[in-house]
Amino acid sequence: MKEPGTLAWKDAAASTPFRGALERLAAVGYGLTYDAIVRGFPPYQMLLDEVAAYVGRSGRTGSPRSAVRVLDVSCGTGTVAARLARDDYAVVALDAVEHLVAVARRRYGSARNVAFHHLDVARDPVPGAGSFDALVSMHTLYWHPNPLGVLEACRRALKAGGHGVFLTYARPARVVRTFRQIRARQGLGAAARALRWLVPTATFEMFRQYEPQYLNRDEFERLLARAGFEVLEVRATFLADLSLLAWVRARNVAGAQA
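Residues in the sequence shown are numbered from 38 upward in steps of one, following the working numbering.
Now the in silico label distances, taken between C-beta atoms and shown as ranges:
#: 1; residue 1: 139; residue 2: 286; range: 29 to 35 Å
#: 2; residue 1: 259; residue 2: 230; range: 31 to 37 Å
#: 3; residue 1: 217; residue 2: 94; range: 34 to 40 Å
#: 4; residue 1: 197; residue 2: 239; range: 37 to 43 Å
#: 5; residue 1: 236; residue 2: 104; range: 38 to 44 Å
#: 6; residue 1: 226; residue 2: 161; range: 41 to 47 Å
#: 7; residue 1: 135; residue 2: 217; range: 34 to 40 Å
#: 8; residue 1: 221; residue 2: 168; range: 42 to 48 Å
#: 9; residue 1: 161; residue 2: 123; range: 24 to 30 Å
#: 10; residue 1: 167; residue 2: 236; range: 38 to 44 Å
Treat the hints as calculated values from the structure; they're not laboratory data.
Just so it is clear, CB atoms sit at the ideal spot from N, CA and C, and this is done for glycine as well.
Use the sequences and the hints to build the structure in full.
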């Protein structure tokens, strides 16, 4: 496997404007249906609970949640940001797809403690960079063309010693394989319910412009360390361990590895 940090084109045709437009259309369509896919989906709700629990460890002892600034990178239609805002954190949420940000603003923008911005964290200035106590990025690295750039920007967005929760896919969401694994672990009912997430996700992957980058534990930890993070914990999670969750702490710039 090539060194993680940048992604390759799937093939020559993938670099055409048509393929890029097709991916953007697929991203918008998937984003618009995502809330319906995950609403009431127990594995996803459990994942949100996990993420929220880690964010809860980011604040200073005795500080109110409203004093904890949280950055949500690749927020999509705002599901995670809205959950954290309901928990009373001060949330800033970013996404590179303008239509998804517009949806998030319509759905959740009236909340007093959440703001949504259209930008690519690896390329554009982040509002309030260096002021965040905690950061969440769910499943951004496997599709972004510059995952190392994403992580470096995330580290710069955090205060020194700030904490991050990163999730990335460890392997593709193969429908049949994952269905069988869930059935073996949790029974046929749980496997059947998982199809509501597996099928649209696998379909969306067909339109990705870049070759997805799935990271094993060692690769994930190395990439985080290169970006300037101290890795505190990495563990498998979500469905049949499709994802890896990393809990990290930002070092100062001098601590980043070349």
